[in-house]
Amino acid sequence: MFRNMLENVRKNCPLIHNITNYVTVNDCANILLACGASPIMADDKEEVAEITAICSGLNINIGTLNNRTIESMLIAGKRANDLNHPIVLDPVGCGASKLRTETAMKLIKEIKFTVIRGNISEIKTLAFGSGTTKGVDADIADKITEENLDNVIDFAKAFAEKTGAIIAITGAIDIITDNRKTYCVRNGHPMMSSVTGTGCQLSAMTAAFVAANSEHASEAVAAAVSAMGYAGETAYKRLTKTDGNSTYGNYIIDAIYNMTPEMLEKGANYEVR
Amino acid sequence: MFRNMLENVRKNCPLIHNITNYVTVNDCANILLACGASPIMADDKEEVAEITAICSGLNINIGTLNNRTIESMLIAGKRANDLNHPIVLDPVGCGASKLRTETAMKLIKEIKFTVIRGNISEIKTLAFGSGTTKGVDADIADKITEENLDNVIDFAKAFAEKTGAIIAITGAIDIITDNRKTYCVRNGHPMMSSVTGTGCQLSAMTAAFVAANSEHASEAVAAAVSAMGYAGETAYKRLTKTDGNSTYGNYIIDAIYNMTPEMLEKGANYEVR
Amino acid sequence: MFRNMLENVRKNCPLIHNITNYVTVNDCANILLACGASPIMADDKEEVAEITAICSGLNINIGTLNNRTIESMLIAGKRANDLNHPIVLDPVGCGASKLRTETAMKLIKEIKFTVIRGNISEIKTLAFGSGTTKGVDADIADKITEENLDNVIDFAKAFAEKTGAIIAITGAIDIITDNRKTYCVRNGHPMMSSVTGTGCQLSAMTAAFVAANSEHASEAVAAAVSAMGYAGETAYKRLTKTDGNSTYGNYIIDAIYNMTPEMLEKGANYEVR
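Residue numbers (the working numbering), protein chains in the order written: chain A, 770 to 1042; chain B, 770 to 1042; chain C, 770 to 1042.
In short, the hints are calculated from the structure, not lab data.
Since the model is a prediction, treat every value here as computed from it, not as a measurement.
Virtual Cβ for every residue (Gly too), placed ideally from N, Cα, C.
It is possible that part of the hints are untrue.
Derived DSS-like pairs (lysine-lysine); straight-line CA-CA distance at most 25 Å [as the list claims (entries may be wrong)]:
#1 B:LYS878 to B:LYS926
#2 C:LYS867 to A:LYS814
#3 A:LYS814 to C:LYS878
#4 B:LYS1010 to A:LYS1010
#5 C:LYS912 to A:LYS780
Quick list of simulated restraints, FRET-style, between CB atoms [stated by the list, open to error]:
#6 C:ASP923 to B:ALA941: 51 to 61 Å
#7 A:VAL1041 to C:ASN920: 50 to 60 Å
#8 C:GLU916 to A:LYS1010: 47 to 57 Å
Over 10 Å on every C-beta distance to chain C, these chain A residues come out as not near it, computed from the model [said to hold, decoys possible]:
#9 ASN850
#10 THR1009
#11 GLU1040
Work out the full structure, taking the sequences as your base and the hints as a guide.
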C-alpha cells in the first residue's frame, strides 16, 4: 500500500546523494526535505564515492551535464552498485544532443540502475538510441493517451526487462513497470508542466522512496509518482486567480510536506496491470 | 502593438537555449514557462551547438562565467549566427572585473547579437571598454533620470548603430533602441531591485519575445521590457504588509503567467521617439 | 545593541562577494538583498581577486566545492586578507568527505577568517580533523542541549582562540564566541531545518553584518544569528495549515526584508556569558 511507502520515508529519513542540474537543484533539495528525506548534493569526482557511501540512495540527473560531472556520475554510480544502494537515473533531455544521448546510454551500460524515470521521448531515445525529444519536453507525437497506452506499456516492460531497472514513464498517464507488475497512475495536473523541474523533483523523491522501501521497489516508485501527481492536484486547488506557476511550484512542495500516508492512500489514483 | 508580441510567444512556444548563471537560472526557466516559451539550459561545449540548433533563440548571460562556459558561449553564439537565430546578451557585472569586461567585449566582437540588455553601467562599460559598475548594480552616478534621458538615448542609439544590435538599457526608465526607433518604457517598481535576477529573467524572456516576433524585433524587446515592468507593478499590488522580496519575486513570475495580451496592451506605459 | 547592527547594514549596503554552492545560491542572494546588502557571486580564479576587492566582505561556502572553485576560494580569501576585508567560512558538510574536511582545514590554515559558522558536527570536525557529520546535518549525538551547553561553549572558545576567528555554532541553541565574550542565542524554530539552505543564508547575511559593523564583529555575528532565528519565528506565525517548507522558506526571507532594527532588538532572545 502506498501509505506504507511514504510512512517508511518519514520513518527512515534516508539521506539521498544527488548529482543533478543547477536549474532545479534547490527544489530537489526542498522536496526531499518535504517528504521526510535528507538531501546532499556533491559532484566532484574526488568526493562522490565517499558521499554516496554515507547515503542510502543516489539520484543521477543529466540536466546540465558536463565532462567533469559525467565522470563523477560514473564513479558514484559504480560505488553505489558495489554497496547495493538504489540508484535513479533521470535522463533529462536525452535525445536533444548527442552528448546527452550518449551519456545516458553509457550510464545505463556501466551502472545498474534501480529506476529510470523520464518522459516518453527521453525513454524512447534511451531504448532505441535515437529520438525526437523537443528540448527537455516530450515530443507531442510521443504523447501517452488511452489509445496507445497498451503499446507504451509493452515498450516499457520490454525496456525494464532489458535493463533490469524499474521503468517510470511520466506524462498525462504515468507508467511504472518492473516487467512483471505494471502501475498506471492517473494523478497530476496539466499545469505541472508550467513549473520547471517537477520531473527532476520526482526523480529525487523516487530515490528517497526506493531507499526507504528496498523490499518493495516497484511499489515505492509508483507511490512516489502518485504522491507527486497528487501534490500537483492538491496544490492546484489552493491557487487563487492571481497565482501563477511560481506560487504553484511552491505549493506542490508544500503539499508533499503536508501529505500524510493516509492522504496519499486516499488520493492515489492508479490501477495495477 | 505589444499585445501581438505576447500573443505570438504564447502561439509559437519558442524553445530558448540559455547559457546563464547558476544564481537565477531557476527563475529564468520559470519566467520562460510563464510567458509561454520553453527553456533549455545547456553549457557544455560538446553539446551547445546542437542544443542551440534545435532552439529558436539563444540567451547568453555572463553572471557566473568561467573559462569552460565562456568557450561554450562563443560556440553557441556562432552557431546561432549561422542559423540566423536571435541572440540576447546580458553582460551581468560587465565592468566589475577584467574577465567580465573582456568576455563581454569578445562576445560582441565575435558574435552578432540581436539584443544587448543591461543596466546603464554595464552597457557603458561595454561601449567604452571601462566603467564603474558596482558589482552587478548600476553605479548611482549613471542613473537614468528625466534630465539625462536625451543624452542616454543618444548614447544608446550610437551603440546600437555600432553593434547592429537592439540596445535595451533598463533602470527607472527603460530605453530600447535600434538606432532608428526608440522606446522609453516607464513600467516597473523600485522594489524589483530587491529581487535577485529580475534583469536575468527579463533577458531570458526577451529572447523568447524576439524569437516569436523576428519581423518586429525592436517592438518585441520593448514589449518584453514593458511586460516585465508591468508584472512588477501587478505583483506589488498583491503584497500584504508581511510579504517581502521573496514573495514579491514569486508574484512577478505569477504576473507574467497570468498576463493576457490585452492586459499588457493596457498596462504598457511607453512612448516612441 | 543588535538594533544598531542591522541599522548599519541598511545604511552601508555592503556588497558581499559569495563563492558558494549552486543549491542555495539564489536564496543567499535574496536574503542579502532582504537585509539591505548587495550580493555578487563570482567563482572563476581569473576574477575572484578583483571581485573581492570591490566588495566589503567575502562569504566562502564549500557546499558544492570542486577543484576549480577551491582554487578560487583560496585566491579570494588571500586577497580579502590583504585588504583586511571580513571573511566568513561556512564549512558545509565538513566531515562528510575527505575533500570537504581537507579543504576546510586548508582554508583555515591559509586564510584568516573573521567568522566560522557551521553546525556542531562541522565545527567539531574542523577543530579535531575528523567527525561524524551526517551529510550536511549535525549528528544527533552532537546536538547542543542545556545540559552540554557549557561544554560546547568551552569547546567553541578554545577553537576561537586557536583560529582567531569568531566561532558561530548554530543549532537549537546558537553559540557565538570570540573567546572573550560569548552569546547564547535562543531564537529560531525547529521547522527551519526542513528548508534547505537556512544555514547558507545565515552565513551570507553574517558576512553583511560583519562588513557593516567591523568595529563590533562579535555582536554583529550574534545579531545576524538572532535575526535569522527571529525571522524563522516570525515566518512560522504566518503559516496556514496548507503551507509547507517551501512557503516557509519564502516567508523567512520576507521576514528579514520587513525586520526593522527595533523589531530585531525586541525579538532577539539571547544571553551574554
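We went through each hint and held it up to the structure:
{"no.": "1", "hint": "B:LYS878 to B:LYS926", "in the structure": "holds (18 Å)"}
{"no.": "2", "hint": "C:LYS867 to A:LYS814", "in the structure": "holds (12 Å)"}
{"no.": "3", "hint": "A:LYS814 to C:LYS878", "in the structure": "holds (24 Å)"}
{"no.": "4", "hint": "B:LYS1010 to A:LYS1010", "in the structure": "holds (20 Å)"}
{"no.": "5", "hint": "C:LYS912 to A:LYS780", "in the structure": "holds (20 Å)"}
{"no.": "6", "hint": "C:ASP923 to B:ALA941: 51 to 61 Å", "in the structure": "holds (54 Å)"}
{"no.": "7", "hint": "A:VAL1041 to C:ASN920: 50 to 60 Å", "in the structure": "holds (55 Å)"}
{"no.": "8", "hint": "C:GLU916 to A:LYS1010: 47 to 57 Å", "in the structure": "holds (53 Å)"}
{"no.": "9", "hint": "ASN850", "in the structure": "holds (19 Å)"}
{"no.": "10", "hint": "THR1009", "in the structure": "holds (13 Å)"}
{"no.": "11", "hint": "GLU1040", "in the structure": "holds (29 Å)"}
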